[in-house]
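Protein chains: 2
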Amino acid sequence: MDNFQFYSPTEFIFGKETEYSCGAYVKKYGGTKVLIHYGGGSAVRSGLIDRVTASLEREEIPYVLLGGVQPNPRDTKVYEGIELCRRENVDFILSVGGGSCIDSAKGIACGVPYEGDFWDFYCGKQVEKALPIGTVLTIAAAGSEGSTGSVITKEEGMLKRDTCSDLLRPRFSILNPALTESLPAYQTACGATDIMAHVLERYFTNTTEVEITDRLCEAVLLTMVKEAPRVIADPHNYQARANIMWAGTIAHNDVVGVGRSQDWNSHGIEHELSGLYDCAHGAGLAVVMPAWMEFVYKHNIMRFAQMATRVWGCEMNFEDPAVTAREGIRAFRRFLASIGMPINFEQLGAKEADIPVLVEKFGLGEEGRTGGFVSLSSEDVAEILHIAAHASADKEIAE
Amino acid sequence: MDNFQFYSPTEFIFGKETEYSCGAYVKKYGGTKVLIHYGGGSAVRSGLIDRVTASLEREEIPYVLLGGVQPNPRDTKVYEGIELCRRENVDFILSVGGGSCIDSAKGIACGVPYEGDFWDFYCGKQVEKALPIGTVLTIAAAGSEGSTGSVITKEEGMLKRDTCSDLLRPRFSILNPALTESLPAYQTACGATDIMAHVLERYFTNTTEVEITDRLCEAVLLTMVKEAPRVIADPHNYQARANIMWAGTIAHNDVVGVGRSQDWNSHGIEHELSGLYDCAHGAGLAVVMPAWMEFVYKHNIMRFAQMATRVWGCEMNFEDPAVTAREGIRAFRRFLASIGMPINFEQLGAKEADIPVLVEKFGLGEEGRTGGFVSLSSEDVAEILHIAAHASADKEIAE
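Residue numbers (our numbering), protein chains in the order written: chain A, 1 to 399; chain B, 1 to 399.
Keep in mind the hints are simulated off the structure, nothing from the lab. Accuracy of the hints is not assured; some may be wrong.
Treat identical chains as interchangeable: a pair holds within one or across any two.
In silico lysine to aspartate or glutamate, EDC-like type, Cα no more than 16 Å apart, as pairs [as the list claims (entries may be wrong)]:
1. Lys-16 <-> Asp-2
2. Lys-129 <-> Glu-115
3. Lys-28 <-> Asp-166
4. Lys-395 <-> Glu-379
5. Lys-16 <-> Glu-209
6. Lys-125 <-> Glu-367
7. Lys-226 <-> Glu-209
8. Lys-361 <-> Asp-162
9. Lys-27 <-> Asp-91
10. Lys-154 <-> Glu-11
11. Lys-27 <-> Glu-59
12. Lys-361 <-> Asp-278
Note that this is a predicted model, so its numbers are computed, not measured.
Same shape as in the complex, but just chain A (with noise of 0.2 Å):
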């Protein structure tokens, strides 16, 4: 295990009817001026932001809307944000929403007192600065809600970048399981792929005598294991809700990443997906994800068999582990499209003939590679681009 800190200082406050309680929240965090940050009209149809925003009455605390986050949120947005949180003397942002409002609210939070641009933030500067921000959580999967991350889009040329910081965990997080009851099954499953992939991405590690935390990561996903296609079947199931609500903050506060090297290529090759098509990023991990595990299984075929025998039930086969490990990704990829995710490209709305394109965006050059579980040069994302293309839930992997 490595040396490691851990700080996730958010107040959760979870179950039924949690909502109500929001303007208390944002009192107890000292808001006194608060931008509710929103996305599509669900928010307001379903009455939600009424809610919220009778909340806040209630506290007597001003507020101001902006909403139309989209998702995969832009940059533009976020410009617009800022601008309107100086106008009005804005010192709380509330995210009323998914992670893509979430992330956009990060957005803006470290932008109003900075004097420079925002996206600078998004290309390696270190946040300094950052307004407050609370949550009121209606999709489970970005785990946004407990994070230090933020990912954005810049229109111009749809590129997709991040930023981390300590300033940008929400203060409080309200997480009410009944809020996600009204999206739509391939949304839902979206979200559950996307927790399972914040993960994976932390399970596959080159870090050896990560016990507790290997526990910890197959705990997760097992529980998705189980309540995905629970809550694939029926909508309104508020106990498989809750399970996976809770799995999606607890799978991306980082409690079961710490003291380990991780692997973020997955998410990074997806982000280059869903800024090209504008598809759903848990959709991108989909199809990524298990390619991702085909090319790299033998680096390490013992923590991929760990996998398929402690999450996927494979039986081990001690004579050849690798046709183990080859049975999880299979298993994971038939899980996949089991809560009806897309597996390949097709099914995506991608084109193999895009991959250089999305190769290049992923901005390696000719030299370069990433770090992680195994490192990656620009030919070794493309390969896997091209697994991906042509991916099936019942074709053999290679071996």
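Once you have looked at the hints, place chain B on chain A.
Relative to the frame of chain A, chain B by itself:
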């Protein structure tokens, strides 16, 4: 899953040589005059106190020292600390030791700004104000480094009582597994038992549909099953110590216990044992907890069968799940014996003749009942203690 609030703002700094930075963290969290609170001479002899004071001196932070905290920490030491802090205008308490030391520091922390007797907080009064605390942990066991709780023993009558408050959560905790390497095997095993008990008292719940926290509980238990024997076999196994140390924190900051009813009756019963005999808390738990399981398992046989199969690797007996449930309890007790824990009264140094005294101290009276997984009367507590008195690793568990 029940509604819940989860708030764990402690900053954890984990790994080798991390104690060298304690001065910087005291500064970060606003300490300008520090009480260094520690236990016996081992922290002095090992040079740890020197490293801590040197770190404070580098940051030019003045300090006073108060050692001598005993296992099962006493109210008398807390009073001494309160007086010293007031006299010296201390505004930050740094605990250097194990759970007893942290619990004593928490007692002092809430006592200093309070006009009345700090013991009020251990008799049900809510803490409203407390000095900030930091910890340098030397024993993986109590989880007090990331928890709201503190347990203090009133010397007069050896009464063991506890308190809970978010205000008592340490601001930071420095966890260097290497500092636990000097711990004798017996104390290491006591710590491991305490960690497992913290999980098990959350695991046995009447709340249904809690797959995520069930799986997280099992993750910690499985880690302990692997790592505890390794560290008993080789006290200098840093990696095993590291896994146990982080497991110990996770086990008790409530991340594995949110959203579900819990059962702390074994802890409560044990407090009377260590109160009366001044035995190690973990040793008392090793005697009480399997006996409690024997007494209650019929209340939910499938939950015990789940523990047996998922944690102890027992084969599920589908014709008679109670067989599996009992096998799991036996496996737990055998495991405790294998790491050198006492599992009956004789081994603990307790006397069956004292059971009426223990039951009376437990304080239910003739009519009272506890809450929990199974509600207990005084008679039930006596029965559990009688089972504990005669337990052995080989004996079949009564049907």
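Hints versus structure:
1. Lys-16 <-> Asp-2: between (39 Å within a copy, 9 Å between copies)
2. Lys-129 <-> Glu-115: within (11 Å within a copy, 39 Å between copies)
3. Lys-28 <-> Asp-166: Only across copies: Lys-28 and Asp-166 sit 14 Å apart there, 19 Å inside one copy, limit 16 Å.
4. Lys-395 <-> Glu-379: neither (23 Å within a copy, 63 Å between copies)
5. Lys-16 <-> Glu-209: Between copies only: 15 Å across chains, 39 Å inside a chain, cut-off 16 Å.
6. Lys-125 <-> Glu-367: neither (24 Å within a copy, 65 Å between copies)
7. Lys-226 <-> Glu-209: So Lys-226 and Glu-209 pass the 16 Å test across copies only (11 Å; inside, 27 Å).
8. Lys-361 <-> Asp-162: The answer is within: 15 Å in one copy meets 16 Å, while 58 Å across copies does not.
9. Lys-27 <-> Asp-91: within (11 Å within a copy, 27 Å between copies)
10. Lys-154 <-> Glu-11: Neither way: Lys-154 and Glu-11 sit 31 Å apart in one copy and 34 Å across, limit 16 Å.
11. Lys-27 <-> Glu-59: within (7 Å within a copy, 35 Å between copies)
12. Lys-361 <-> Asp-278: within (15 Å within a copy, 66 Å between copies)
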